[in-house]
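Put together the whole structure using the sequences plus the hints.
Protein chains in written order, with our numbering: chain A, -7 to 142; chain B, 21 to 411.
Please note that the accuracy of each hint is not assured.
[To be verified] BS3-like cross-link-like pairs, simulated, lysine-lysine; straight-line CA separation at most 30 Å:
hint, chain 1, residue 1, chain 2, residue 2
1, A, 137, B, 179
2, B, 326, B, 224
3, A, 66, B, 224
4, B, 209, B, 220
5, B, 185, A, 137
6, A, 66, A, 137
7, A, 137, B, 220
8, A, 18, A, 66
9, B, 250, A, 66
10, B, 250, B, 99
11, A, 137, B, 224
Please keep in mind that the hints were generated in silico from the structure rather than gathered at the bench.
If you're wondering where the values come from, they're calculated on a predicted model, not measured in any experiment.
One-letter residues, chain by chain:
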Amino acid sequence: MSERMSEQPYINTMDVYPLEAAEQNKLYKFYDSLREGRLTTTKCTSCGHIPWPPRTLCPNCTSDEFEWIDLPRKARIYSCTVQTAGVPPVFEIPLYMAMVEFDNGLRMLTRLVETTEDDLEIGREVELAVLEVPGPMSRVVHAFKPVRGN
Amino acid sequence: MEIRRVAVVAGGASKFGARQATYRDLISEAGKACYDSAPGLSPNDIEGFLLSTVMPERFVFQTHVAPLAAETLGVTPSKLVARVELLCASGSSAIRLAYGFIASGLADVIMVAGAEKMYTPNPAETVHHTLAAGDREWDAIHGLTAPPSFAMVAQRHMKEYGTTKEQLALVSVKNRRNGARNPIAQFRKPITVEEVYASKLVAKPLNLFDCCPITDGAAVIVLAAEHRVKDFTNEPIWIWGTGQAGGGNNAANVPGWAEWPRLRVAAKNAYQMAGVAPEDIDVAEVHDCFTISEIIEYEELGFCAKGEGGKFIEEGRSDYGGQVVVNPGGGLISRGHPFGATGIAQAIEMKQQLHGHAGDRQVPNAEIALTHNLSGFATEHTIMIYGREPK
Ligand SMILES: [Zn+2]
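In structure tokens, the structure reads:
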């Protein structure tokens, strides 16, 4: 094996996270907003449809024109689990996951952080958390955490 | 256009499990079993070739796999050659496509092979590859693979319908008992409810024995137009009906959790085409990737009322002597689940069942069979209905 090979260059197909920068991704504004602590999605400027995940083609009216809107910071757990065995290599057990639902009816799959088993309850209120993706590129990923008492 | 009648005329599978064999070894083994099942059949008879396989680029670093598999089996296609990929339901999708191709007259004889080599020397690598099945940009980033997905489905079904952990476990107990009698099955030892509870917790409420395993395996069948059937076998099974419906890939857009409306659509179309009702089905192979799946499938296939799937297994209505024997071959839980091969293996089990060759797992007097194959977040559903006699 050559010296060069043994340096283990970045292998995209072993990377769990997408490329987020403007040069690589038409939805780069999602990640830019997330870095500022805002969870956003696209809104079709033709018919007003709001999808999750954000998209560059409206499935409702086929328009490709959209604007960015903020989603609520809080949501409720629709279903949840904690994986305690067999998680993919870059993740750690216990891995908390939930489908959360916003007031507007949109649902989103997310991991839960700062969580214990006691928080795993359908209907539990959760709020946005923003995580840094480890590794060479500066990237972010959204997550949710339980809303703690007042 | 005239729709021609189509039958499965040959079928054979490799042993399923953690195999000391390559992708090509598995295909060779299944092909040999298929050819041996119909001595009148030779590679020269085969005009079309479909390979059902999901991620050979990941598991064995190989693409352009349909020609590779055809070549391995001595087949030189003259009418059709392609790969079919629909994750865990690739096999049934390939059968459905081959059916349409033959029924419409574009070919008379098509081989449908399915194969997956999933074990890699480092188990973590195999798990990493399964992440590619989810929506990479929006779901897989959270580590979402199949076990937590179906765990969340189970949580909803338990909340809405009172389904219990014991009812889940009973599905595994039944399918392990059946698989113990299937020579190709990965797991051939019956288990108890207590052993399900004692197995490792994977994703609450699913324990290890609520989940199908990682599997290496291949399976091969041949479909033929009616006028060619007698050239190959006296024991064909006839395709009476088929249905398929999809619902998307992203977890947020799944059209149901405790409900699987797209399965209802696929089943309705298949029943209608076959001219049968759920109560006419004698034997079924359904997609028990997780125990909760089989319970929801009882409901959506119309074997019982919505919400009563848990009671259905508890009362033994999916077991021998019950209303319909479900997963006599052990299902995915016991036979194993080499993604691309599963739908093909279901068809082979039905060919054996409808002609009395299923040994000590034989369902008495089985005449009408159903297979159900799903993929993704239980969004895509493919149904085949087979009869012992032409219709
Ligand atoms: Zn629109």
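Results of checking the hints against the structure:
1. A:137 - B:179: It holds: about 22 Å lies between the C-alpha atoms, which stays within 30 Å.
2. B:326 - B:224: holds, 23 Å
3. A:66 - B:224: holds, 24 Å
4. B:209 - B:220: OK: residue 209 of chain B and residue 220 of chain B at ~17 Å, within 30 Å.
5. B:185 - A:137: Cα-Cα ~27 Å, so holds.
6. A:66 - A:137: holds, 9 Å
7. A:137 - B:220: Holds - the C-alpha atoms of residue 220 of chain B and residue 137 of chain A are around 26 Å apart, at most 30 Å.
8. A:18 - A:66: Holds - the C-alpha atoms of residue 66 of chain A and residue 18 of chain A are around 26 Å apart, at most 30 Å.
9. B:250 - A:66: Violated, at roughly 65 Å.
10. B:250 - B:99: holds, 21 Å
11. A:137 - B:224: Since the Cα atoms of residue 137 of chain A and residue 224 of chain B sit roughly 19 Å apart, the hinted pair holds (cutoff 30 Å).
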